[in-house]
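The task is simple: from the sequences and hints, build the whole structure.
Protein chains in written order, with my numbering: chain A, 5 to 228; chain B, 69 to 513.
It is worth saying that the hints were derived from the structure and are not from the lab. As the structure is a computational prediction, the values presented were derived from the model and not from experiment. Any given hint might turn out to be false.
[Unchecked claim] Here chain A is said to cover these stretches of chain B; the calculated rule only asks that three of the stretch's residues, wherever they fall, bring their Cβ under 8 Å from a Cβ of chain A: (1) 231 to 240; (2) 376 to 382.
[As the list claims (entries may be wrong)] In silico EDC-like links for lysine to aspartate or glutamate, alpha-carbon gap of 16 Å or less: (3) Lys204/A <-> Glu402/B; (4) Lys105/A <-> Asp348/B; (5) Lys204/A <-> Asp348/B; (6) Lys429/B <-> Glu181/A; (7) Lys105/A <-> Asp350/B.
Glycine included, C-beta positions come from ideal geometry on N, C-alpha and C.
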Amino acid sequence: MRLLLVEDDALLAESLAKELEQAGYRVDLAATARDARAIGEQEPCQVAVLDLGLPDGSGFDVLAHWRDRRKQFPVMILTARGNWRDKVTGLKMGADDYLTKPFRTEELVARLQAILRRSEGRVESVLRAGRHALDEDRQSLRGPDGEEHLLTGTEFRLLRCLMSRPGQLFSKEQLVEQLYSLDDSPNWNTIEAYIRRLRKIVGSEAIVTRRGQGYYFNEDTGNQ
Amino acid sequence: MKIPEISSSVRNSLLLLLVPAVVAVMTIAWVLHGMSLDRMARDYMEDRLQEEVAFLEHQIHEVGADLSILDTGEYFEDVFHHAFAIRAEAGTVVSPPQWESALRSVLDMDAEGLLELDGTGDQAPEGVLAFRRVITHAGKPVEIVVAEDLGILHSRHVQLHRWTGIVAVLMIAAMAVAIWVGITVAMRPVRQLGAALRELQAGRNTRIDVRTPAEFRPLVDQLNRLLDTLDQRLERSRQALANLSHSVKTPIAAVRTVLEDETRPLDGKLRRQLASRLSDIDQQLEAEMRRSQFAGPQAGKSGQPVRQARDLLWMFGRLYPDKRFELETEIPGEHRWPVERHDLDELMGNLLDNAGKWASKAVELRLTESDTGYHLCVRDDGPGVEEEVRESLSIRRLRLDEQKPGHGLGLAIVAEIVDRYGGQMSLHNASNGGFCVEIALPCPA
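Set out below in structure tokens:
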């Protein structure tokens, strides 16, 4: 398993590389953003560990560069900054997990395994209906204006259900199955509330209500 | 009238608003005065004319149909103040003669009562106010008209009008002066405030303690409060860095000494001790970092709970793909809460992180607003927490400095933030299993 380690601190890079090799990886090293971009793009890496604080640029730029060129290998971000905003940004930009420094190497190895496992079953799958594209892997929706909307679990499942068969009516009972059940009995108003919320995301024309019958996804929405 | 915008000067805006208003009001008063004067005069005229007509009627009945007597009666010229015309079968009498054509026109009119006639020829008066009546004498109709020269009335009227006009102008001037004086006096506190601020800037004073009128009180209080906050921050950050420096210097010294001692072999035990010192340093840094990151309630700082919540829920959905992270809220996406952005991230992020670790299948974040404040609730469907452990998780116990970092650091951070905002936190097991953390933050004062 080829692993690309991007870290500019030589001491840390060396010992980390050694421990990762012991864990069974073949480690390539990069100490600058420039090297990282090149190696990640050209070499067949299967997983990467990426430090954000590089001397000639930000780890985010490297990540964006890889993803732009369709390099989909899982990436673990290393960062000294532990605030939530940075973590969200990292994941939004395409990373799979983050770890704050200093960390225990065992934890890094364990989480690397986890992200590798997750990426194995992953298929790049986009569900299209009309001018909307639902990224099933990323759990996000890209609207006709190109903007990406991140979705919560239930929002995603409802949209996937509706968009998988555009034009087909789904009753409230059928949709309720998609809801999680933290309460013992989710009430019907929850479905209505979710449809309202989804309409705010996809536009009110994209989900049509048939009174007494249910809802369906309308893929023929005009220019919005 | 378009209300002028608040210009850069309060004084000018006031002058611009009040002086024209005063002018307008006085002008209207003057016009109304003129109009009511006019009306009063007319009513008075009408009464007089009517009386004279009655007098004439009486005379006619006494004298009989011989109108010529009326014409020559001297007392008429002395006692009678108006012009008159009488038409009977025998003939017409008009006095004074210059009014002949005018009064004939009035006689010819059909109506009775108060009549007005304008522009009646060169010798006649310019305008005539007359009272016409038809009486019966000896079975025959007699028309009587008594008239007054409107021109004289008008000129008197105009004169009076002019006088009141002058009085109005004087009053306007007086009011303008009063307004100007009033504004100057009212603006005095502003100048005082300006002077107090200069004192503050120059360091001659630490707070603004000028006595201000009620309108400025909140402003001054806020300024003083802001100064208090700044003081606190400076003090806090000084303290924090001093503490940090202290607590870090010792382990650094220890590690350095050991490493510099070339005679000492680096065995497993020594390695572990060195590592643990470094761990200490890290923990101290972590704790101080966290502490200094908190903003606490501050004017002008806010976060967008729904937007930030969606980001975080999505992220946790990626990190724990076998669990679901849900959002329950009716709050619109652009709504802002008076909680600083980073603090809000820490509140939600830490609670969701904990919930995600313990949940078996799902985590729910609920955001609500009420008139008492802002509510956040994170629920998971995990095993929940035992009673004794729950006891130890109250806010007081979770203060950062009493907690050993690494054990429930997340909840401690949340408790610290909630405390800073003067809010309440409650932790309990949910009714159908699982753990629930509820946070209520008050509306800012």
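Results for each hint:
no. : hint                  : in the structure
1   : 231 to 240            : violated (count 0)
2   : 376 to 382            : holds (count 5)
3   : Lys204/A <-> Glu402/B : holds, 12 Å
4   : Lys105/A <-> Asp348/B : holds, 14 Å
5   : Lys204/A <-> Asp348/B : violated, 49 Å
6   : Lys429/B <-> Glu181/A : holds, 15 Å
7   : Lys105/A <-> Asp350/B : holds, 10 Å
Checked against the numbered hints above, the structure breaks hints 1 and 5 and satisfies the rest.
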